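Participant: Using mature numbering (1 follows the signal peptide of the UniProt record, and there is no 0), the letters of the sequence shown correspond one by one to residues -30 to -1, 1 to 436.
These are computed hints drawn from the structure, not numbers from a lab. Treat each hint with caution, since some may be false.
[Claimed, not checked] No more than 25 Å apart at the CA atoms, straight line, and that leaves these computed lysine to any residue pairs for SDA-like: (1) Lys67 - Gln39; (2) Lys100 - Gln46; (3) Lys67 - Tyr297; (4) Lys278 - Asp294; (5) Lys67 - Val137; (6) Lys278 - Ser34; (7) Lys67 - Asn123; (8) Lys67 - Gln146; (9) Lys67 - Asp343; (10) Lys278 - Ser243.
Please read these numbers as outputs of a predicted model, since none were measured by experiment.
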Amino acid sequence: MNAPATLLTSFRRKPLVLLLSLCMASAAHAAETREEPGIGMMLVQTPAGVSQPMTLLDTAYDVSVTGMQLSAEVTQHFSNPSSQWANARYVFPLPEKAAVRRLLVTIGERQIEGLIREKDEARQTFEQAKAEGRQAALVEQQRANLFSIEIANVAPGAAISVELEYVDQVSYRDGQFSLRIPTTLTPRYIPGFAHMPDSFEQVATSGHGWALPTDVVADVDKITPPQIAAALGGDNEPDGDSKPDDESEQIRTHQLTFRAHLDTGLALDSVSSSTDAIHWQASASGVDVSLEGQSRLDHDLALSWTPKPSAQPQAALFTQQQGDQHYGLLMVMPPVIRQQSLPREVTFVIDTSGSMAGESIRQARDALQLALDRLSPQDRFNVIEFNSSTFPLFSNPRPADEYGLTMARRFVNGLDADGGTEMYGALQQALRERDERQWAPEEGYLQQIVFITDGAVGDEARLFEL
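With the sequences and hints as input, model every part of the structure.
Facilitator: Shown next, in the form of structure tokens:
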């Protein structure tokens, strides 16, 4: 199905000042694997180098959707448990295509509003303010979906409020609009060999990560922040076996409050969430959505809405005025057209690393069995398993006949979770099959790669180069 077309126009242009100190970072990964997602922690570090977690009091999302444009405001409140002046660092997730446009940090009665600067200039300005004893904040982008914030010179017992605003686009697929809001940090698998530090001080003054840099991922310490367990609270270090002590008991699983306003410009058939119980109500200006209660910060929050089907094209026009500036956005929805399906060449790639143990591998096996059942006789397919190594079922994609499907179902039933998350070799194998197929493209096969994983890795840039 065709996607809706959008046209964004500005009737009068003026410079837009974005209040954010945002720094782009390099790409990389880490050497160990934390298997359970958790809530990101804000750490305070005293002048003596002692780190302890701040108490995260609450998190709130306020989302506004206009057509296919999304604007979200995230507010989090912390308190500094230290009896000394300290510096703080916090790592948090955002959608990978989001653009941060505003940052406001409130420390006690003082407000710090971000300004956009080049990476090196922003870091230099922050370090200078930090050395001079002034309160300052710096936001850096560590990955496409991972940001960090550093706050200098936080007073003992001070309350901290972080307000972050970003813009993004909602997704449209198969006649349905959707958005996803990440609320937790996915532990990253870090390939390569670790570089051992020269001294303990080097570790203590690094990016506060739980892993050491490797020959593949140099900035591991910046993308492996300490976390607390989303289900229990307390310290969730990689070994994960110890019970929370008295100090970490102060950090409890906090809940997420969420509300959204959908101005779709179209009559909706349904609004739903595959992750949380929601309540929605239509109004004159759109649809208001809220959670039924609160949500735990251990999963992505997903929301989707479906317009009423129409055999004719539909259009929605949105306008906005800010001062003497006028903006317009036109969204055109294609009609619902039934099309004949093409024969497919599908390569299923399934992660069987240690992080997939338990419910993840059971769900992955079930999903793959369902995908095999939906293949038609004219399709071709293959299944590639990967963990620390790569194991293709067939040397090349083969017809989805009774023999091939029987072999595949037995193979999938025997999959178990163990080992590392070496995505590179598996993706390389799948792409090689696509490029070295034994039949000509004029035969009309639709080529697809379906990648099933729960993992995150540190060497994204290397994967994107394939």
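Participant: Now look at each hint and say whether the structure bears it out.
Facilitator: Okay, the hints, checked on the actual structure:
no. : hint            : verdict
1   : Lys67 - Gln39   : 12 Å, holds
2   : Lys100 - Gln46  : 23 Å, holds
3   : Lys67 - Tyr297  : 22 Å, holds
4   : Lys278 - Asp294 : 36 Å, violated
5   : Lys67 - Val137  : 9 Å, holds
6   : Lys278 - Ser34  : 21 Å, holds
7   : Lys67 - Asn123  : 32 Å, violated
8   : Lys67 - Gln146  : 19 Å, holds
9   : Lys67 - Asp343  : 34 Å, violated
10  : Lys278 - Ser243 : 17 Å, holds
The structure is inconsistent with the numbered hints 4, 7 and 9, although it conforms to all the rest.
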